[in-house]
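Colleague: Throw the hints in and build the complete structure from the sequences for me.
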Amino acid sequence: MAEVEAPKLPSGVRKKLMFVNRKAPHGTIYALEALEVVLISAAFEQEVCLAFLDDGVFQLVKGQNTQAIGTKNFAPTYRALGDYEITRLYVERESLAERGLATADLMPIVHEDPDDADEEKPSIQVVGRAEMATLMAEQDVLLSF
Amino acid sequence: MAEVEAPKLPSGVRKKLMFVNRKAPHGTIYALEALEVVLISAAFEQEVCLAFLDDGVFQLVKGQNTQAIGTKNFAPTYRALGDYEITRLYVERESLAERGLATADLMPIVHEDPDDADEEKPSIQVVGRAEMATLMAEQDVLLSF
Amino acid sequence: MSTLHTVNKSPFERAALISALGHVRPGDALLMIEDAVVGARKRTAFAAVVEAAAKICALFVLAPDLAARGMAEKDLIEGIKTVDYGGFVDLAAKHRRVQSWL
Amino acid sequence: MSTLHTVNKSPFERAALISALGHVRPGDALLMIEDAVVGARKRTAFAAVVEAAAKICALFVLAPDLAARGMAEKDLIEGIKTVDYGGFVDLAAKHRRVQSWL
Amino acid sequence: MKFGIVVNEGPYTHQASDSALQFARAALAKGHEIVRVFFYNDGVNNGTRLTVPPQDDRNLQKSWSELAAKHGLDLVVCIAAAQRRGVLDAGEAKRHGKDADNIAPGFRISGLGQLVEAAILADRMVTFGD
Amino acid sequence: MKFGIVVNEGPYTHQASDSALQFARAALAKGHEIVRVFFYNDGVNNGTRLTVPPQDDRNLQKSWSELAAKHGLDLVVCIAAAQRRGVLDAGEAKRHGKDADNIAPGFRISGLGQLVEAAILADRMVTFGD
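So the protein sequences, as listed, match chains A, L, F, W, C and G.
Each residue of the first sequence is one higher than the last, beginning at 90 in this note's numbering.
Each residue of the second sequence is one higher than the last, beginning at 90 in this note's numbering.
Each residue of the third sequence is one higher than the last, beginning at 2 in this note's numbering.
Each residue of the fourth sequence is one higher than the last, beginning at 2 in this note's numbering.
Each residue of the fifth sequence is one higher than the last, beginning at 5 in this note's numbering.
Each residue of the sixth sequence is one higher than the last, beginning at 5 in this note's numbering.
Bear in mind the hints are in silico, worked out from the structure with no lab data behind them.
Source: prediction; values computed, not measured.
Don't take every hint at face value.
As the list claims (entries may be wrong) - Subject to a maximum C-alpha distance of 30 Å in a straight line, what follows is the list of computed DSSO-like cross-link-like pairs (lysine-lysine): (1) Lys98(C) - Lys66(G); (2) Lys161(A) - Lys43(F); (3) Lys95(F) - Lys105(L); (4) Lys151(A) - Lys75(F); (5) Lys75(W) - Lys161(L); (6) Lys43(F) - Lys95(F); (7) Lys34(C) - Lys104(L); (8) Lys74(G) - Lys102(C); (9) Lys66(G) - Lys161(A); (10) Lys98(C) - Lys161(L); (11) Lys6(C) - Lys95(F); (12) Lys151(A) - Lys82(F); (13) Lys161(A) - Lys98(C); (14) Lys102(C) - Lys6(G); (15) Lys161(A) - Lys74(C); (16) Lys34(C) - Lys105(L); (17) Lys74(C) - Lys95(F); (18) Lys161(A) - Lys75(F); (19) Lys82(W) - Lys151(L); (20) Lys82(F) - Lys43(F); (21) Lys82(W) - Lys98(G).
Modeller: Okay, structure coming up:
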């Protein structure tokens, strides 16, 4: 989607970066722009993961079709994250439930696991609110969208 | 605050215009901009009133002082509305209550009543939610901020 | 002398839809557009409030916005109708005034 | 390894404050800035939730934003402390990371 | 029927400008008249000709300019809101000593009275925003 | 300590740019370093020199430019977000065949990698937005 620039950083710096997605897609541009940064971040060889909570969970709903509103449909890009070695998408269980959503309503997103003969593994992990809070507390940087 | 332009309209058109204020002041510019249109509207000789509901009721809280955030304090302008013959400010009772506010927390806003020897009358009328809905239903135009 | 109410924000994120539903009157219509269409989903935390409002006034969702969010008619609370942009215009023309709950 | 949470929207209008309070952990701090300062008021519909959170983590409001909304310390839920912009910087420096609940 | 449209947000960040444009097209397709589109608050940012959206995305400024040209629409950018945000026509740029202007074709800069006037002239006002 | 700051909203409509500016000033006053201020989404609109705010109001673009000059701040405007919204420097204007540019002094246009880099270099990232 966006051009990748060569990182100019002291070598060996490896931070835990979490992108925190809390907004519904399409009504505002934040979901799209978060995805742009996520893709760029892949070039920096950091430990990147994504969190989807509150209305952010709507970003992963399957079957999105923006043709009739005339905007760009970036939903398929989530399925390409595995190719960028971004393999951890944490989705908050309570956020899904409040919105009448089940895991089956989400896009299937997978990645190949190099530690397991490149077997396809699911990238989405549904976690409870307390576990989401714990995951956030384990990061070096939280980037909020 | 803003320049007044001469209206270029067929004479005798007199509409009921309500400005619907639902946003808190200072965090966004909408309250300020609504006030700008309200002042301009006075030159058009229409039947203008203002509604304050949801977070819009915070616009009328007394003692606002924006010096330390460096933005313009437009709160005193509400008190000048009477000079523009804008004399009806409807405030929703339920919105006040949910926010822990009482009428005593609001600025005193008055106007001179030409039908009563220019006696000072209060401009703020606290109304219930159902009455607010009725007032909205009596307007020709609702301008939302 | 009815009103068309439009709401464009998710009820899970903003208070606008609930506030609008608290101000509708019999004969009014309420149209959910943009991110508000998720408020029309079945089985959400707000479904009961929306269902109750459907007994007072006519509820609509904008179909193009529905499709963008991956939703279909089967996901909607019973009684909510879909319209396209032309239907939005018709609703605005039919009712005496439009209140945009921004 | 605690977190500073910042919230900038009124809880009466947006879900951010309530969501943030649902994710704080002991040792964290939460700072209300901009329109969020109204969430620190006594006797609101959300006061009980905020009071409960005050037992888990430290709650702060930005004094310049408080003054802009016509509020003073006497209006605040007990236990909520005020800071100025320098205090905001100190809080950000003290905690390991900042989560902005936009 | 006569419609007036208010756009309170700029392009791309919020869907407001997209929705307003689709509404305007649908109203015109049904034979309605649009007395004015008033761009207020961040909405003034729809009216700069300097935008370069990605090739695979829509161009909102161009869409508004083209719709205005085709149907003789009156696209008014609020002068005070535009000044604050750096949307200027040649006259405004000169008056304020700026070395460039950026207003897009089909947009004109005018006062808030144009919004009130539209509210009076139109049968229906529809507002799109955040 | 090293701070990175993200600004996601333009001037005036939201308080985000005001809050970010006050935070930056306070951090510098306490002797901290600001590795970068990254203007993203509508935040890019802080970086146009064509703004003419009212005489009795603050001038956010000028305040950022002055703070950058005084403290050698790196103010980066996201290139893709800026193109969409019509914030261009002379090179960008030329490249895209535009007849004017509007970037303000002290701001530079660069890619999203600058945001990721800031997140890695800074001890703390603070985001201001809607």
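Colleague: Evaluate each hint against the coordinates.
Modeller: Verification of the hints:
| no. | hint | verdict |
| --- | --- | --- |
| 1 | Lys98(C) - Lys66(G) | holds, 19 Å |
| 2 | Lys161(A) - Lys43(F) | holds, 27 Å |
| 3 | Lys95(F) - Lys105(L) | holds, 19 Å |
| 4 | Lys151(A) - Lys75(F) | holds, 14 Å |
| 5 | Lys75(W) - Lys161(L) | holds, 25 Å |
| 6 | Lys43(F) - Lys95(F) | holds, 28 Å |
| 7 | Lys34(C) - Lys104(L) | holds, 26 Å |
| 8 | Lys74(G) - Lys102(C) | holds, 23 Å |
| 9 | Lys66(G) - Lys161(A) | violated, 34 Å |
| 10 | Lys98(C) - Lys161(L) | holds, 27 Å |
| 11 | Lys6(C) - Lys95(F) | holds, 12 Å |
| 12 | Lys151(A) - Lys82(F) | holds, 22 Å |
| 13 | Lys161(A) - Lys98(C) | violated, 38 Å |
| 14 | Lys102(C) - Lys6(G) | violated, 36 Å |
| 15 | Lys161(A) - Lys74(C) | holds, 25 Å |
| 16 | Lys34(C) - Lys105(L) | holds, 27 Å |
| 17 | Lys74(C) - Lys95(F) | holds, 26 Å |
| 18 | Lys161(A) - Lys75(F) | holds, 25 Å |
| 19 | Lys82(W) - Lys151(L) | holds, 22 Å |
| 20 | Lys82(F) - Lys43(F) | holds, 13 Å |
| 21 | Lys82(W) - Lys98(G) | violated, 52 Å |
Hints 9, 13, 14 and 21 from the list above are not met by this structure, while the remaining hints are.
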